[in-house]
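Both chains come to you apart, so use the hints to assemble them.
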Amino acid sequence: MGRYIERAEFYKRYCMVEYFSALEAPMAEHQDFTLRSIMYMSGTDFDSETILNEREVFQKVLFDASNPHSVYYMVRHVRENARGIRNNISSELWESINKWFIFMKDRGQQPFHSAHYYTFFETMRFHVAMIKSDMVHTLLHNDVWHFLNLGMYIERSQQVFKIMRSKISDYHILSNKGENEAMLSFQFHTLLKSLEAFDVHQVQNRGFMMTHATIFKLIISNQDFPRSTNYTLKKCHQHLLRISERPEGYSAVAESLESSLSQLESFKEFDNEDQVIQHIEDSNNMITNIHHDIVRLFFQ
Amino acid sequence: MLDEVIKHLKSGSIAYEKFFELLSQMNMQEFKSLSDLAKLSFLNQGVTYALYDKNESVEQIFPFDLIPRIIDGPEWDRIEKGMIQRNMALNLFLHDVYNEGKILKDKVIPEYLIKSSVHYCRQMEGFTPPKGIYCHIAGSDLIRHSDGEFYVLEDNLRNPSGVSYVLTNRIAMRKVLPDAFKTIPVEFVSDYTERLLNAMWSVSGRDLGDIFCVLLTPGSFNSAYFEHTYLAQKMGIELVEGRDLVVEDDHVYLKSIGGHIRVDVIYRRIDDAYIDPDVFNPDSMLGLKGLMEVYNKGNVTIINAPGTGISDDKAVCAYVPDMIKYYLDEDPIISNVPTYICHKPEDLQYVRENVESLVVKPVDMSGGYGVCICDEMTIEERQELLRKVEANPRNFIAQPKMLLSLHSTFIEDADQFEPRHIDLRTFTILGANDPYVLKGGLTRTALIKNSLIVNSSQGGGSKDTWVIKN
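Line order of the protein sequences matches chains H and U.
Here the first sequence is numbered in our numbering, starting from 8 and rising by one per residue.
Here the second sequence is numbered in our numbering, starting from 211 and rising by one per residue.
So that you can see chain U by itself, here it is in the shape it has in the complex (with noise of 0.2 Å):
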């Protein structure tokens, strides 16, 4: 297993040992006194995420580790091009699908794979969104592996969360410990709602100052609702529900007091299944009835896309690479983890015969619910999940069980400093300008010893990541 902090130290990272020096300078009792101040922080901020219990939503901190991820600036800028590069091909992959299909004719990815992911969206066939932009902002899932190279778990299209982590993260860390950053180059995140809001205007299809841009969310009672509300404030656009707009003449309207205002941009952070009743699921109370006609219609544009979430499908994302290939002719400049597609008949033998070494996941589900880490299973459980996976090929991925690095965290139970499992979401944005990847991310922890679960949902925390200036 690869300990970051280890083997940054020996290869001589000037930032971890500027960073360590100044917490030499203090001692365990100062240390935890800061630690809470940062809890306070996120507390007094409001820096919360609803967890459910039976029909409740308890609001909880989200866990933070005061010792943060480094990475330097050559390896963050090999990331960032990979990101660019693996977004572009999705991008380019999702107009495809949802026009020529060249992709598909070229059988470089089956066609029954695409057509039979629960995210395809027929009502985005034939349609090319503005700019041609689906896939507006990115998150994608990166592990470090014993091997040293960073490789991406799978892409978040539909609606990638956790960026409001990684900037109050960062205010945190600079009120608690102002001197790190007088002595270590960090890069700065705080750009990152202005080049959203930019993104967002430049896909508007109207001018500046005519540009009306809203975030639609579920509600208060969405697990990152806290988000929401951020994004929204940060970035000076309204917070609204589904029964805040309404749609007149071919347009989406917020209704306010002062009378109906045009909606030009949605940024919805609701799931496709949601967002129009007329066209999606019709119990739907969340969303816009008409919603998906005025988009057709090209009078509002909806951030992400509907349909991107295919790229989710955890199937599909094994073909990235391909993407890559096809449509930019590249090599991927990150990796993709190494995917066997249970749909395939010879990578289903294959996961037959080595299941105990193999995660298994389903396609479509995320935060870290459903995954099956076999070689902790008992036969009897493997040999049931065996028989789930026969019954349903197309619905299951493998892959092997890759170690995600280590990092020393602060375990408060234990009172000391312990190496905990990490990985990396990325925030990618892609507007009718120059791409941005946020330079940093978000590193999530796994609080409990050994685990590789790092997801918030399952008692996983988050770090501050550096990106260290060139």
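Pulled out of the complex, with its shape left as it was, chain H reads as follows (with noise of 0.2 Å):
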């Protein structure tokens, strides 16, 4: 559940950033651009040779039931597995979601026009907050709140090396295209943005240029952000070294899980894009390792 919840608003966030941004010159030239960064973004497939429609792009990313990568979708799957435990859930929490699923179903029911996209995209936002204060205010933190919380700090470690990922294909692809300087800075500006950690790269590096390395190194190391992929894991480890139940191999788990964590915060190459590149690699294969091992741990 906690996966779906991040996932959920991760591709809700990117899909508005790479909008509203694209309507600012100088990318209004590129909208075919940004319809397919957001389809790339959530895996959703599609004829890389059509033209992509706006609404179409949106219906499948956001409201498709059948589109296993839409975020209906996974909110629904957050209704069913907070139906699933909803004994061990409170009132409070089963409520904010089944809003949220009510939210999303009936606004996939009616027109989605742009002048809607906004007030869309903000009452989005209102749920998952709404969502995550009922997580951290109503439940006891518990054994479950620890599974909620792992599984939210995993999709989010993975989602940001994904954008990560995805924004420097798209400044290379542009790159590649000749575009002008004012284009590619543009595509960090939104892997910023899309982690709302603008104003964050702002203040961690008053007084310096504004450089890819300064924002990998935000993104990938700082120990006080968030969303940051170093503070991400770090989270994991910890909620799993509280959770009380313990089956046998745990402690293996926990160990891998800490021994990966340290070799992850040694990288240091972030005016490196090549070596950056290799650590989204290499740290997305151990995440989804992670992932794994904790399902084998307690679930099969």
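Accuracy of the hints is not assured; some may be wrong.
Unchecked claim - BS3-like, lysine-lysine: derived pairs with alpha carbons at most 30 Å apart:
#1 U:Lys444 / H:Lys224
#2 U:Lys242 / H:Lys106
#3 H:Lys241 / H:Lys139
#4 H:Lys200 / H:Lys241
#5 U:Lys444 / U:Lys465
#6 H:Lys200 / U:Lys444
#7 U:Lys249 / H:Lys200
#8 U:Lys598 / U:Lys611
#9 U:Lys317 / U:Lys341
#10 H:Lys169 / U:Lys444
#11 H:Lys169 / U:Lys392
#12 U:Lys315 / U:Lys325
#13 H:Lys242 / H:Lys106
#14 U:Lys341 / U:Lys312
#15 H:Lys112 / U:Lys317
#16 H:Lys224 / U:Lys465
#17 U:Lys679 / U:Lys325
#18 H:Lys139 / U:Lys249
#19 U:Lys679 / H:Lys184
#20 U:Lys679 / H:Lys200
#21 H:Lys139 / U:Lys444
#22 U:Lys249 / H:Lys106
#23 H:Lys275 / U:Lys444
#24 U:Lys392 / H:Lys200
#25 U:Lys242 / U:Lys228
#26 H:Lys200 / H:Lys224
#27 H:Lys112 / U:Lys392
#28 H:Lys139 / H:Lys184
#29 U:Lys679 / U:Lys228
As the list claims (entries may be wrong) - Between beta-carbon pairs, the in silico distance windows are:
#30 U:Ser400 / H:Gly185: 21 to 31 Å
#31 U:Ile621 / H:Gln282: 51 to 61 Å
#32 U:Asp417 / H:Ser182: 20 to 30 Å
No lab work stands behind these hints, which were simulated from the structure alone.
Backbone N, C-alpha and C fix where the C-beta goes; we use that ideal spot for every residue, glycine too.
See below:
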């Protein structure tokens, strides 16, 4: 459930930032590029030869019940998961989740025009904020809560790496097409905004020019920023350590996570893009392994 | 009177055509709901300004109109060149009058006019700020007359405000009318704060990474406080009040819980009179004691430099075309509104004889305050005004009544679109690198029918300004 909540939130945020940022030139003439980026990021299949239509893209990525990568699909799974553990979660949390589901269902059945986009994304933000607040304030911070958080942080770290990879790739596609510098730096602004990290970056780098290295450093290694990958993985480790149920093999999984963490924390090559890409791939593999280990350990 | 929308539509402006085509796809109710959405966006972002009523300040949303003002690329190019030319000349003028005073010795501008300006700053005499930049940020108010040409009405070189509205207007427009930006190639404005920060860095005299900039605000009761907080946040610099700073060992420091941090650049949003009680108003609680001494030793940069306000003096502003000719040997690209300087006997005589057709203004007031539109006054009021002018001619200028252009604006009370007068405030940044003019600026709208006063403090509103890419 934690993973679906987090993933839905990330997709929503990526759609919103990509779409509205693209309206500000220099991206205005690159609508198709933006829509493709949204489709790739969500993992939704499409014919790469076709010209994308904005409404169809949002229908598929946000509301398509048959698309396992749509936000609606995820929200539905959050609700089903919540129903399955209804006795372990609070009424407040359940209601917030159910309201979110009803909102998504209703919205998907109504015409969805560009004038509605911003309000829709803002409302989504409120729903997610309410759910996360209920998780913190209305649940016992017991094993259920630790599992919810474990899922949330595992998902967050993967989504952060995914967005980074996607924007690095967008940057190179546009660079190869000979786009100007404003257009290229715009991709990295979007990366920061997709993670709601733009302001944090400004504060962290007072008196310094924004560079790819300053951005990578913040997103990968900052220990205080809740969307940096090192922060999220550290949180995974902390929640794993606080789970009271300890089946056979628990210690090995916890030690493996700890050792992977220290390996990731040693990464400092932020000004070497090839190394950053390699780090993203290695980290992703590591996170996938952690996920499998946890599923095997506790649920199989 | 020139209606900009009609003029552009007649000349086949594709951008206006596309915009109105988009509007035609919605009914009035849909339009109003978008307008409400834009207002909500401002309210939620805290985009407000304070109006003073007796002892109380009341926060207001700056009225915003959804119909943008559109300026074609080639026309904008001319404005941009004109603003760069104007502000380069003003910068050279400021350096000259505070140093050699050549333009005064050559009697291009009367020395008395400069030295008697309330904004003349003796502490700047013989001093050159870092990189020779005085007016890092300039706001010039332009109007478009019935001949279709833009004219400069006045310059604001002290603390030009309004740029935050340009940036937030655009954000609101993108939220509520995203389709318009897909079909109309509008120049972007979002790089303003980055440009401003780069300009601040460029005059800091220190290496990147070591530079510490602050925005000095008078505090939350100031009418532009939203703008101060917004710009500081967007640039990632500290928002400070005078009491947060201290002078020690000939440097300015920010007091912080982790110790003192050396300050290199102060973007002050406080008038000269209040920045240093040691030098200016001794009762000032807003500024920093000892700041000017540190500044004169070259240990901190103040943006804009103290003393730039002499250019805001409306009598001095009238000489900007002469400054352009004198320093750059060029003709002004954008002309001034013709101005009669009451200090000049021949101009005063003209004002006496033609007062009913003129607009008389005090030289040192802003925000539309003190402006007398004489054909709207009674004979007795005009006579009283002339008595004031005769008593202190240095303090007044007069201009012909230039009818600001009109633009279609949605008037809520009338529930329909009506033409309203507009002007344009441009924002120019001068740093050590290339000058920059924000592509758009703030279009201010007089919301009262036939009113020529567009200032927010007197009930004006604003529109997003779209410069179309060439």
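Results of checking the hints against the structure:
1. For the given pair, lysine 444 (chain U) sits about 20 Å from lysine 224 (chain H) by alpha-carbon distance, which is consistent with the 30 Å threshold.
2. At most 30 Å may separate the alpha-carbon atoms for a hinted pair to count; lysine 242 (chain U) and lysine 106 (chain H) meet this at roughly 28 Å.
3. Distance check on the hinted pair: lysine 241 (chain H) and lysine 139 (chain H) sit about 19 Å apart at the alpha-carbon level, within 30 Å; holds.
4. For the suggested pair lysine 200 (chain H) and lysine 241 (chain H), the alpha carbons sit about 23 Å apart, so the restraint of at most 30 Å is met.
5. About 22 Å separates the Cα atoms of lysine 444 (chain U) and lysine 465 (chain U), which keeps this hinted pair within 30 Å; it holds.
6. For the suggested pair lysine 200 (chain H) and lysine 444 (chain U), the alpha carbons sit about 13 Å apart, so the restraint of at most 30 Å is met.
7. Between lysine 249 (chain U) and lysine 200 (chain H) the CA atoms are separated by roughly 23 Å; this keeps the pair inside 30 Å, and the hint holds.
8. For the hint pairing lysine 598 (chain U) with lysine 611 (chain U), the CA-to-CA distance comes to about 20 Å; that is within 30 Å, so the pair holds.
9. For the proposed pair lysine 317 (chain U) and lysine 341 (chain U), the alpha carbon gap of about 27 Å is at most 30 Å, so the pair holds.
10. Between lysine 169 (chain H) and lysine 444 (chain U) the CA atoms are separated by roughly 27 Å; this keeps the pair inside 30 Å, and the hint holds.
11. For the hint linking lysine 169 (chain H) to lysine 392 (chain U), the alpha-carbon distance of about 27 Å falls within 30 Å, and the restraint holds.
12. Restraint check: the Cα-Cα separation between lysine 315 (chain U) and lysine 325 (chain U) comes to about 13 Å, which is no more than 30 Å; the hinted pair holds.
13. Our distance criterion of 30 Å between C-alpha atoms is met by lysine 242 (chain H) and lysine 106 (chain H), whose separation comes to about 28 Å.
14. With a CA separation close to 20 Å, the supplied pair lysine 341 (chain U) and lysine 312 (chain U) stays within the 30 Å bound.
15. A hinted pair counts as satisfied when its Cα atoms are at most 30 Å apart, and lysine 112 (chain H) with lysine 317 (chain U) does not qualify at roughly 77 Å.
16. Between lysine 224 (chain H) and lysine 465 (chain U) the CA atoms are separated by roughly 28 Å; this keeps the pair inside 30 Å, and the hint holds.
17. Proposed proximity of lysine 679 (chain U) and lysine 325 (chain U) is contradicted: the alpha carbons are some 44 Å apart, above 30 Å.
18. A distance of roughly 29 Å separates the Cα atoms of lysine 139 (chain H) and lysine 249 (chain U); the hinted pair therefore holds under the 30 Å criterion.
19. About 21 Å separates the Cα atoms of lysine 679 (chain U) and lysine 184 (chain H), which keeps this hinted pair within 30 Å; it holds.
20. At roughly 25 Å between alpha-carbon atoms, lysine 679 (chain U) and lysine 200 (chain H) fall within 30 Å of each other, so this suggested pair holds.
21. For a cut-off of 30 Å, the pair hint linking lysine 139 (chain H) to lysine 444 (chain U) stands: about 27 Å separates their Cα positions.
22. At most 30 Å may separate the alpha-carbon atoms for a hinted pair to count; lysine 249 (chain U) and lysine 106 (chain H) meet this at roughly 27 Å.
23. Simply put, lysine 275 (chain H) and lysine 444 (chain U) have alpha-carbon atoms about 28 Å apart, close enough for the 30 Å limit, and the pair holds.
24. Only pairs whose Cα atoms come within 30 Å are accepted, and lysine 392 (chain U) paired with lysine 200 (chain H) is accepted, the gap being roughly 21 Å.
25. Distance restraint check for lysine 242 (chain U) and lysine 228 (chain U): the Cα-Cα separation of roughly 19 Å lies within the 30 Å cut-off, and the hinted pair is therefore satisfied.
26. For the hint pairing lysine 200 (chain H) with lysine 224 (chain H), the CA-to-CA distance comes to about 15 Å; that is within 30 Å, so the pair holds.
27. For the proposed pair lysine 112 (chain H) and lysine 392 (chain U), the alpha carbon gap of about 28 Å is at most 30 Å, so the pair holds.
28. Proposed proximity of lysine 139 (chain H) and lysine 184 (chain H) is contradicted: the alpha carbons are some 42 Å apart, above 30 Å.
29. This hinted pair checks out: lysine 679 (chain U) and lysine 228 (chain U) have alpha carbons roughly 15 Å apart, not beyond 30 Å.
30. Checked against the given bound of 21 to 31 Å, the beta carbons of serine 400 (chain U) and glycine 185 (chain H), roughly 23 Å apart, stay inside it.
31. The hint said 51 to 61 Å for the Cβ distance between isoleucine 621 (chain U) and glutamine 282 (chain H), and at roughly 60 Å that hint holds.
32. Between aspartate 417 (chain U) and serine 182 (chain H) the Cβ separation comes to about 29 Å, which falls inside the hinted range of 20 to 30 Å.
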